[in-house]
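Use these hints to put chain B onto chain A, whose structure you have.
If you read the sequences in order, they're chains A and B.
Numbered per full-length UniProt numbering, the first sequence spans residues 1 to 363.
Numbered per full-length UniProt numbering, the second sequence spans residues 1 to 363.
There could be a bad hint or two in this list.
Since the list can't tell identical chains apart, any single copy or any two copies may satisfy a pair.
In silico lysine-lysine, DSSO-like type, Cα no more than 27 Å apart, as pairs [unchecked claim]:
1. K93 <-> K6
2. K20 <-> K40
3. K40 <-> K6
4. K192 <-> K40
5. K93 <-> K189
Calculated directly from the structure, the hints in this document are not laboratory data.
Protein chains: 2
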Amino acid sequence: MSDQEKELGVLRQQIDSIDKQIHELLNQRASCAQQVAEVKLKYQGASDVVFYRPEREAQVLRRVMERNEGPLPDKDVARLFREVMSVCLALEKPMRVAFLGPAGTFTQQAALKHFGLSAESVPLNSVSDVFREVQSGNAHYGVVPIENSSEGIVNHTLDLFKRYDVTICGEVELPVHQHLLLKQDGDRKEVKRVVAHHQSLAQCRAWLDTHLPDAERVAVSSNGEAARMLVGSDGTIAAIAGDMAAELYELDIAERNIEDQPDNRTRFLIVGNQVVESSGVDKTSILVSSKNKPGALYQLLEPFYRNQISLTRVETRSMNSGCMFYIDFEGHSSDTDVEKVLNELAVVSEELKLLGSYPSAVL
Amino acid sequence: MSDQEKELGVLRQQIDSIDKQIHELLNQRASCAQQVAEVKLKYQGASDVVFYRPEREAQVLRRVMERNEGPLPDKDVARLFREVMSVCLALEKPMRVAFLGPAGTFTQQAALKHFGLSAESVPLNSVSDVFREVQSGNAHYGVVPIENSSEGIVNHTLDLFKRYDVTICGEVELPVHQHLLLKQDGDRKEVKRVVAHHQSLAQCRAWLDTHLPDAERVAVSSNGEAARMLVGSDGTIAAIAGDMAAELYELDIAERNIEDQPDNRTRFLIVGNQVVESSGVDKTSILVSSKNKPGALYQLLEPFYRNQISLTRVETRSMNSGCMFYIDFEGHSSDTDVEKVLNELAVVSEELKLLGSYPSAVL
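Okay, chain A solo, but in the shape it has when bound (with noise of 0.2 Å):
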């Protein structure tokens, strides 16, 4: 046996012992994961308990991304123990994820990324399909999408929150890229138009600048439009959008991820039927409407920057009878200045929804 075979034969025991003593532990806590639900069955109907908590979830990954003294990067050991408590979850209570499908979108990749690989996730075919089954109890959770770099928030999945009552109960955050696509055997050169949503072209801007400078950029109501004009097109048009689109109408992805920011996020919201407790780090949802007005706007924010409560989204749809606000703030509903603002709210507004406060995402 060579030095190097005996160097790397201890060092594979030391592994091997290792995982040994990883697997055992990883069963302990299987088990305590166990009695807990026992416990819960024991003080409360078995239709009243709650097996996942979202907030104890968020709080363990934090704990764990805190004390992380490496060589595994923070990130990486809190996937591995998202995992570790989705199949301690899972054993617990099975749980049934409901998403926007067909399987294989990035709403998937969020179910998934969210609930770990031992929930069962069911593709529906749209998003009200999601909350209906969410408000049903027919699956536990839903996930949805609702901020998308390139369409800007989620409009439907917005005005759904008006029809259901399900709460938000978590977030996740996924990376996007956006590529240059071409019909199939197009050529760059011939390139005169670049198409895709406005924020789009806004956000792959300095790619364009040195690598298309002279082909006019024309801003259509969405990539996925911006996709489709290149079918049956001459090949001087280019398109701006993500691989679903590439592969949806079979066009050639010329330059992957031609964004300036390569960290472009696109997120997703976790429904349920339950009240998620504070965690600590949070975020709430919150449906307002007032009387179309003039300063209806100012009077509805003007207590979050009175009790220095950071908005982190602000959206307006219009209606019939007036506007409709959607409003993301840090802070959780149970949080005594948030409450204070809430009950302003509901004084100056003429309709208040809390869709939900939950942890802020994780990873």
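This is chain B only, laid out in the frame that chain A set:
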């Protein structure tokens, strides 16, 4: 504090303490993996060092499943260890894995399942691009589809093994599902014909007999083609295909998972530039050609029967000059009996190419 809260508090403290131990062990394991890399680099040139050892990984996973006493299910623990090895390997050497894109396809799922989330996965536009990237060393490994339950073997992939010098380093299996697809807002009651690849028609026979007994069944070249036929159709046709096709052609999924055997699986190969040592439970793939004379296949298969080596797949490809066979069988090329068969084959065949010996899929 209620009794329930007290009992839960105790269990949660136990879980937190177990988590701390697991966390510490994970980092110890990672640092052992780093030392393995250092030892290899001390004795070998950087370009000669092989960091990823599929046979060792398969052995670790099999051992985990064998010694597992629960309560975690064998497969769940093995999956956790796959991820643990993935993050440790990423520390030794960040892996670049090319796959047949785009992102979100089953091939990417296969790549993730095999290499874990810590590998960098690179979507490419064709199987030959994947082979080229691997042969040139731009990617460490490639993942390509080889068998697809609805279309059988992927002939294109087979043919590329003749053109490129890459070896098979592993296999991955994924479950697949088939759906009944209708054009948008179509009505199942109006369906007079069901189109699909003949294998899919066969795989869904029981469901079709029960739910669409009067519909004519028409075999077409692929399920993708079947789905395409629905575009612009009059609503009397239904297709059988998977999620991807439904999305690609914007069809309604009228019924999910209609296959009679719900454990249909599709198979992918891992290609690389490395000879994988025996893991104990292995498969070997070869390409072998003979002059097109009567009894050619019998002559090629006879040594396997005589040496009691199980064949897992035989595919025939007609070529200008004769016939080529793709043969998968159990065993490793370093096994005495396999070596013997390969020597015999070399004599009776015109050309024999060992594509690789690799661990049988563990999960």
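Against the structure, the hints come out as follows:
no. : hint         : result
1   : K93 <-> K6   : between (46 Å within a copy, 22 Å between copies)
2   : K20 <-> K40  : between (31 Å within a copy, 24 Å between copies)
3   : K40 <-> K6   : between (51 Å within a copy, 11 Å between copies)
4   : K192 <-> K40 : neither (65 Å within a copy, 53 Å between copies)
5   : K93 <-> K189 : neither (57 Å within a copy, 38 Å between copies)
The structure does not agree with the numbered hints 4 and 5 stated previously, though it agrees with the rest.
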